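2 protein chains.
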Amino acid sequence: MTENRIKFEQLRQFITVAMTRLGLPETDATIVGRLMAEAELQGSDGHGVIRLLPYARRIRAGGLNLRPNIKIIQERPGMALLDGDNGMGHLVMQRAAEIAIEKARNCGIAWVGSQFSNHAGPASLYARMPMAQDMIGLYFAVGNANHLPPWGGLDMLLSTNPIAVAVPAGEEPPVVLDMATTVAAYGKVKAKAQRGEMMPAGWMIDRLGQPLLDPKRADEGFLMPIGGYKGYGLSLIVGLLAGTLNGAAMGSQVVDFNHDDTTVTNTGQAIMAIDLSAFGDVASFKARVDQLVRELRASERMPGVERIWLPGEQSHEKRQNNERDGMVLPPVLLQQLDTFALELGIPGLQST
Amino acid sequence: MTENRIKFEQLRQFITVAMTRLGLPETDATIVGRLMAEAELQGSDGHGVIRLLPYARRIRAGGLNLRPNIKIIQERPGMALLDGDNGMGHLVMQRAAEIAIEKARNCGIAWVGSQFSNHAGPASLYARMPMAQDMIGLYFAVGNANHLPPWGGLDMLLSTNPIAVAVPAGEEPPVVLDMATTVAAYGKVKAKAQRGEMMPAGWMIDRLGQPLLDPKRADEGFLMPIGGYKGYGLSLIVGLLAGTLNGAAMGSQVVDFNHDDTTVTNTGQAIMAIDLSAFGDVASFKARVDQLVRELRASERMPGVERIWLPGEQSHEKRQNNERDGMVLPPVLLQQLDTFALELGIPGLQST
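Residue numbers (this note's numbering), protein chains in the order written: chain A, 7 to 358; chain B, 7 to 358.
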């Protein structure tokens with residue numbers, strides 16, 4: 007059974023070698039390899055190794071800077087603004103998280119924004135980073151393709167702009183929220199189309215504002231923001247904080263990186279770290295989180311509901327299982343990756 | 007026509023005098039009077055002068071400290087934790103905003119949390135405060151009554167925990183989001199019941215998870231979080247940041263202040279200020295916001311949609327109209343306030 011499973015270390019190594027072969031310096035390839043493998047490990051499969059081929063396409067088209075000079079261009083004791091110099095988003099955000107953590111140690115909290123960054127994988131990856139230092143992490147990003155109009159409108163000027171927040175617990179798994187500001191992520195729509203299934207009402211609407219159920223007609227409509235105009239507002243605010251504030255792309259400036267491999271995306275992101283020790287005793291905080299988590303989990307349930315989940319709990323279990331047993335990649339993806347490996351002249355995942 | 011309209015200054019004065027008569031020191035009554043009148047001015051009528059009677063009930067029952075020693079109990083350069091000493095929430099949050107602004111001037115950003123605070127009115131009131139100093143404001147609060155269970159559960163352990171964010175623009179009105187993490191606020195349900203109308207599907211569900219449409223049966227169900235499990239996660243995260251982090255009430259500790267006038271609520275809130283000048287030139291930022299706002303507003307519209315609104319734009323117009331023409335209060339409320347004024351031995355709103 008374990009033969010078809012890929013171990014974390016194997017996947018990390020594979021991505022690292024591929025990234026080196028694509029031209030990234032070894033230190034950078036190592037960071038990207040680890041973060042992309044971690045995305046896969048925690049079950050963020052839409053943001054894991056499946057992105058290797060699109061990233062490679064953009065690198066080969068010259069749309070990514072392989073030798074970025076990632077530098078602080080604005081700074082105060084509690085904040086920094088990073089110019090990512092069009093490097094891989096993972097590198098920019100890893101650096102942003104390090105700076106945020108360092109600054110939060112002194113100021114109690116810190117905020118680091120980015121401009122000229124790129125797609126960096128799942129939001130929770132970066133929101134989780136401060137947790138190891140007993141800090142709460144928050145992450146906001148401008149998505150790399152516009153999928154929704156302003157409320158009542160038809161021009162797609164906003165993206166799924168995600169929010170992630172990671173809160174350390176004591177004995178319980180951390181509470182980790184990672185959500186797009188739309189009811190469904192666009193990847194879910196594509197998956198429904200592949201399986202030939204209809205979408206539930208509420209995922210998308212057409213240009214008349216009517217429910218759009220056929221995922222094959224996705225081009226004729228838009229994703230629905232959560233809570234209607236509220237999600238529209240939330241997507242806009244995330245874009246203002248992660249994009250406009252940083253001098254990064256927002257609105258019509260956003261480059262659809264699915265259909266454009268060369269234009270500089272000028273992706274904006276922001277990471278925030280909150281040092282728990284600034285607010286009081288860390289152990290008591292964690293005990294309070296544990297108590298709250300247990301209280302929610304023990305709630306009486308609706309008929310047919312087997313278990314109350316906390317945000318991030320399913321991902322936590324997946325991570326533990328994947329660490330122990332290895333990860334199962336879809337056969338089609340595995341095949342694509344091995345073809346790609348052959349092309350790069352490196353060992354494939356199934357042959358290692 | 008203007009005879010029935012109440013001017014801002016008149017309302018501010020009325021609330022201030024009433025609060026003084028209820029036992030608040032004059033300086034405190036003046037702050038509360040101004041903030042409650044401002045809530046009314048911006049159209050937050052569920053959080054304006056309608057709250058005077060419930061506040062008075064709690065004050066008379068001894069549930070609010072009229073001489074609070076509001077003090078910083080934890081501090082770092084970029085943060086502070088305030089003990090509100092069970093004073094009026096308006097006083098605690100006004101102080102929190104002042105500290106956040108002061109600290110953000112040095113650190114670029116700042117965060118001030120509260121414990122032992124109380125209901126403070128509309129979230130946007132406090133998120134808006136940093137804007138006068140060319141700062142973005144964010145506000146999070148634990149609601150003062152639990153109205154929703156964890157996703158799939160039946161025990162009401164979470165509140166509508168609001169989020170407000172205020173972003174300054176240049177020539178355009180500021181972008182101000184002020185939203186509960188539920189599809190409808192509880193006040194809207196009560197309004198439907200009063201008018202004898204049914205609720206749209208999606209506002210509430212019953213204990214079997216079915217849509218609940220009759221607002222008179224509201225006690226048999228729960229508010230729906232926006233985006234289903236996403237809104238549940240958002241409400242929980244806001245509660246962790248504004249409540250648990252500050253050592254304030256969360257989950258089963260939350261006191262329903264509609265049905266309990268004496269138990270200390272230990273309300274938790276948090277204000278954040280982001281200094282625009284730390285990120286670069288303030289005028290360019292505001293110009294970028296203007297540009298984005300105009301782009302969204304100019305979007306092609308769905309059939310039947312007259313106008314694309316930006317978050318906070320309707321409230322901005324209401325504020326301007328109310329400043330110019332005065333405010334229209336519902337006759338029933340006006341009557342209640344005048345009866346109350348008589349009882350306090352102060353001039354009523356209609357007699358002044």
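Simulated from the structure, these hints should not be mistaken for laboratory data.
Predicted, not measured: the structure shown is a model, and the values here were computed from it.
Careful, some of the hints might be misleading.
Taking lysine to any residue and the SDA-like style, the derived pairs with C-alpha atoms no more than 25 angstroms apart in a straight line are [as the list claims (entries may be wrong)]:
| no. | chain 1 | residue 1 | chain 2 | residue 2 |
| --- | --- | --- | --- | --- |
| 1 | A | Lys324 | B | Lys292 |
| 2 | B | Lys292 | A | Asp161 |
| 3 | B | Lys324 | B | Glu81 |
| 4 | B | Lys324 | A | Ile352 |
Pulled a few chain A residues facing chain B out of the computed Cβ check, cut under 8 angstroms [said to hold, decoys possible]:
| no. | residue |
| --- | --- |
| 5 | Met85 |
| 6 | Asp89 |
| 7 | Leu242 |
In this text, a Cβ means the ideal position worked out from N, Cα and C, and glycines have one as well.
Hints and how they fare:
no., hint, verdict
1, A:Lys324 x B:Lys292, "violated (44 angstroms)"
2, B:Lys292 x A:Asp161, "holds (23 angstroms)"
3, B:Lys324 x B:Glu81, "violated (38 angstroms)"
4, B:Lys324 x A:Ile352, "violated (65 angstroms)"
5, Met85, "holds (3 angstroms)"
6, Asp89, "violated (11 angstroms)"
7, Leu242, "holds (7 angstroms)"
The structure shown violates the earlier hints numbered 1, 3, 4, 6.
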